[in-house]
Amino acid sequence: MPVNAPAGADGLIVVDKPGGMTSHDVVARVRRLARTRRVGHGGTLDPMATGVLVIGVGRATRLLTYVIGAGKSYTATIRLGQSTVTDDAEGEVVGTADAAGVTEEAVRSAVLPLTGEIDQVPSAVSAIKIDGQRAYKRVRDGETVELAARRVTVLRFDVLGFRRGTIGGGAVVEVDVAVDCSSGTYIRALARDLGAALGVGGHLTALRRTAVGGFTLAEAATLPVLEERAPEVVNLTVDAAARRFFPERAASADEVKVLSHGGPLDPAGISGPYAVVDSTGRVIAIVSERDGRARAEIVLAPA
Numbered sequence: 276m277p278v279n280a281p282a283g284a285d286g287l288i289v290v291d292k293p294g295g296m297t298s299h300d301v302v303a304r305v306r307r308l309a310r311t312r313r314v315g316h317g318g319t320l321d322p323m324a325t326g327v328l329v330i331g332v333g334r335a336t337r338l339l340t341y342v343i344g345a346g347k348s349y350t351a352t353i354r355l356g357q358s359t360v361t362d363d364a365e366g367e368v369v370g371t372a373d374a375a376g377v378t379e380e381a382v383r384s385a386v387l388p389l390t391g392e393i394d395q396v397p398s399a400v401s402a403i404k405i406d407g408q409r410a411y412k413r414v415r416d417g418e419t420v421e422l423a424a425r426r427v428t429v430l431r432f433d434v435l436g437f438r439r440g441t442i443g444g445g446a447v448v449e450v451d452v453a454v455d456c457s458s459g460t461y462i463r464a465l466a467r468d469l470g471a472a473l474g475v476g477g478h479l480t481a482l483r484r485t486a487v488g489g490f491t492l493a494e495a496a497t498l499p500v501l502e503e504r505a506p507e508v509v510n511l512t513v514d515a516a517a518r519r520f521f522p523e524r525a526a527s528a529d530e531v532k533v534l535s536h537g538g539p540l541d542p543a544g545i546s547g548p549y550a551v552v553d554s555t556g557r558v559i560a561i562v563s564e565r566d567g568r569a570r571a572e573i574v575l576a577p578a
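Just add 275 to the spot in the sequence shown (first one is 1) and you have our numbering.
Hint data in this document are derived by calculation from the structure and do not stem from the laboratory. Hints are all accurate, no fakes.
Pairs of lysine to aspartate or glutamate residues, derived as EDC-like cross-links and limited to a Cα-Cα distance of at most 20 Å, are as follows:
#1 K532 with D553
#2 K532 with E564
#3 K532 with E572
Work out the full structure, taking the sequences as your base and the hints as a guide.
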């Protein structure tokens, strides 16, 4: 359950982003509501997309690097029979094909090679930088962009629905899907590659992020709800967020003093990053063990 924090508190907010807004738009809105400039987000959502966007306020912005790297879950709709320059509905249609012969069985077979560890070429209209400039900026300036494939993991790519339709007299197929994947996976690229595998082209027409790590739509607040709560917009304090995201290790008063000043602790044999907490449950730092010592990745508590 969300842990309500007082006005002005540092922490995380799980936002249900509406369509038509960029992630930066949401950050700007939260800055106004929380009355602080120190606000960031944990993983970009395209303007067309809706759903879970994790926002960090104050010291909690330091936790966002872990949020960005967490697995993601989505529901989406893919249109087969049309390709667009952006691989989603916001781009110009650049190719059409008759999808009347595409069967549900063929779709279910085609998603299988797109599941598991795959080498995915990101959409050309993406935020990936090429020689210091975003790929989408180069495409919009008329350049042809070729991005290198990246290894990603698609844990789940399930077909939930299959519908036939026509657009401009041409047959299309609408496929509803659910995807669980690693950070860095482009759902637009899955839509493009599914359409290519079936020989008719494809693009994304709807996308909703349902989870980021352990943060789900069940605890997400809409912007109108945050407006009503302002300035008490944080629903997970720094301590609650860190303790929920990481394994815990209790520290003595002496260890707290050392760690809060950036010093190392003896190892505890805990794999991966973990939270070190004091006797009151306050999170002192996020720590990882290397070279026989437990060293802080980030220090959250003031010295």
